[in-house]
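Hey, can you work out the whole structure from these sequences and the hints?
These protein sequence lines map, in sequence, to chains A and B. Count along the first sequence starting at 1, add 15, and that's the number in my numbering. Count along the second sequence starting at 1, add 139, and that's the number in my numbering.
It should be emphasised that the hints constitute simulated quantities derived from the structure, not laboratory data. Worth double-checking, as some hints may not be accurate.
Unchecked claim - With the C-beta cut set under 10 Å, the calculated list includes, among others, these residues of chain B facing chain A:
no.: 1; residue: Ala157
no.: 2; residue: Arg160
no.: 3; residue: Met165
no.: 4; residue: Leu185
Claimed, not checked - Only pairs whose alpha carbons sit at most 25 Å apart, straight line, appear in this in silico DSS-like list of lysine-lysine:
no.: 5; chain 1: A; residue 1: Lys177; chain 2: A; residue 2: Lys109
no.: 6; chain 1: A; residue 1: Lys204; chain 2: B; residue 2: Lys203
no.: 7; chain 1: A; residue 1: Lys125; chain 2: A; residue 2: Lys114
no.: 8; chain 1: A; residue 1: Lys209; chain 2: B; residue 2: Lys151
no.: 9; chain 1: A; residue 1: Lys93; chain 2: A; residue 2: Lys48
no.: 10; chain 1: A; residue 1: Lys271; chain 2: A; residue 2: Lys209
no.: 11; chain 1: A; residue 1: Lys109; chain 2: A; residue 2: Lys26
no.: 12; chain 1: A; residue 1: Lys84; chain 2: A; residue 2: Lys114
no.: 13; chain 1: A; residue 1: Lys271; chain 2: B; residue 2: Lys151
Note that this is a predicted model, so its numbers are computed, not measured. Ideal placement from N, C-alpha and C gives every residue a C-beta, glycine not left out.
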Amino acid sequence: MGTIIVMTSGKGGVGKTTSSAAFATGLASRGFKTVVIDFDVGLRNLDLVMGCERRVVFDFINVINGEAKLHQALIKDKRVENLHILPTSQTRDKDALTKEGVERVLDELKKEFDYIVCDSPAGIERGALMALYFADHAIIVTNPEVSSVRDSDRILGVLNSKSRRAERGEEPVTQQLLLTRYDPERVEKGEMLKVDDVLEILAIDLLGVIPESQAVLRASNIGMPVILDIQSNAGQAYGDAVGRFLGEEIEHRFTKVEKKGLFSRFLRRSA
Amino acid sequence: MSIFSFFRSAPKPSAVQAKERLQIVMAHERIGRTGPDYLPVLQQELLSVIAKYIDIDQNKVEVKLDRGGDCSTLEVNIELPIPENGSKDAKPSVLKASVSRPANSGKKEPEPAKPSSALVNGGLKKRS
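In structure tokens, the structure reads:
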């Protein structure tokens, strides 16, 4: 039986889709059969970030409505074995996500896949609720910035009260923090919240810290999950986060200002 | 940089201010989440009780809410109308009530605030 992971945040633009794409790719690279689903009905973007936008024929909503079979809508990734993408509709709205429909599709996916990564839309309305409702694990994507931290706290409250596990009084959804766009230099100057500050405020476990990196935009430009850019800090940080998620003990990297040697200072190379 | 700036204490880094602001606002929001936030209801009920006895002009009701780090205060100031048979130089009196509630800043799941101990001060105060 597959495990459902929701990538959520409350606030928009913090890196949910980037993280979903990276995380799913990371899990698949390690040999797990993985599918990543776009829950942002009407504003689909996971297909672009995964680089499969030209191969979308049927989508998640078609499957919910019985207009297509699940295997017709699943897109197999061309780079990584074991990785599938389930895009969403660009023309319908979030009301198309019925609880029964989503449950049926997820149940079917659970039989075939080890991990199901749900890429949540922003907000706390229907789309976001449906993305987190059936989750076993939640990864909270947060930027070290006041509005993002507050919204993350709000979404933690929603997970604790409105998820299926909460409603049934089962073991709660596990919650882990993925702190993205972290800039150690600004933290050192006192201009940005520290990892520890955010952890203290949200009081959840730390899954990983993704440094601010030009590699993220570069990767999305070409439709490649940034985790495949193994030269970049961000790609390596996502790789570490996937390892930690699977229970490996990996020390956190890229949270301190790197001491630049004379040579690299000359070159001024950025990751 | 002037020589005096040496003696002045350095301003708090913005990240420290961000953390403090977040801790305060989220402590309040978490209380609202764990139990019903009684402040808005309390305010309505207070007004309706007073309205039973006194004809209140809604424009002369002032409600202030201050969410502090240690406690929050709801202050309701109601200007009472001048009695019609009163003397000419009578000034409007003001009914003032304030309710404070301790805030559990920093705690993840605070106990719901006890309404019984919340009323710190209140009463009728006449402006002379």
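Outcome of the hint check:
1. Ala157: Since the shortest Cβ distance to chain A is 5 Å, the answer is holds.
2. Arg160: OK, holds: Arg160(B) within 10 Å of chain A, min 7 Å.
3. Met165: Since chain A brings a Cβ to about 5 Å from Met165(B), closer than 10 Å, the hint holds.
4. Leu185: Status violated, d = 29 Å.
5. Lys177(A) with Lys109(A): Distance of about 18 Å is within 25 Å: holds.
6. Lys204(A) with Lys203(B): Distance ~37 Å between Lys204(A) and Lys203(B) Cα, so the pair is violated.
7. Lys125(A) with Lys114(A): holds (16 Å)
8. Lys209(A) with Lys151(B): holds (15 Å)
9. Lys93(A) with Lys48(A): Holds: Lys93(A) and Lys48(A) sit about 14 Å apart, inside 25 Å.
10. Lys271(A) with Lys209(A): The hint holds at about 10 Å.
11. Lys109(A) with Lys26(A): Answer holds: Lys109(A) to Lys26(A) is near 17 Å, not above 25 Å.
12. Lys84(A) with Lys114(A): The given pair, whose Cα atoms are some 18 Å apart, holds under the 25 Å limit.
13. Lys271(A) with Lys151(B): holds (21 Å)
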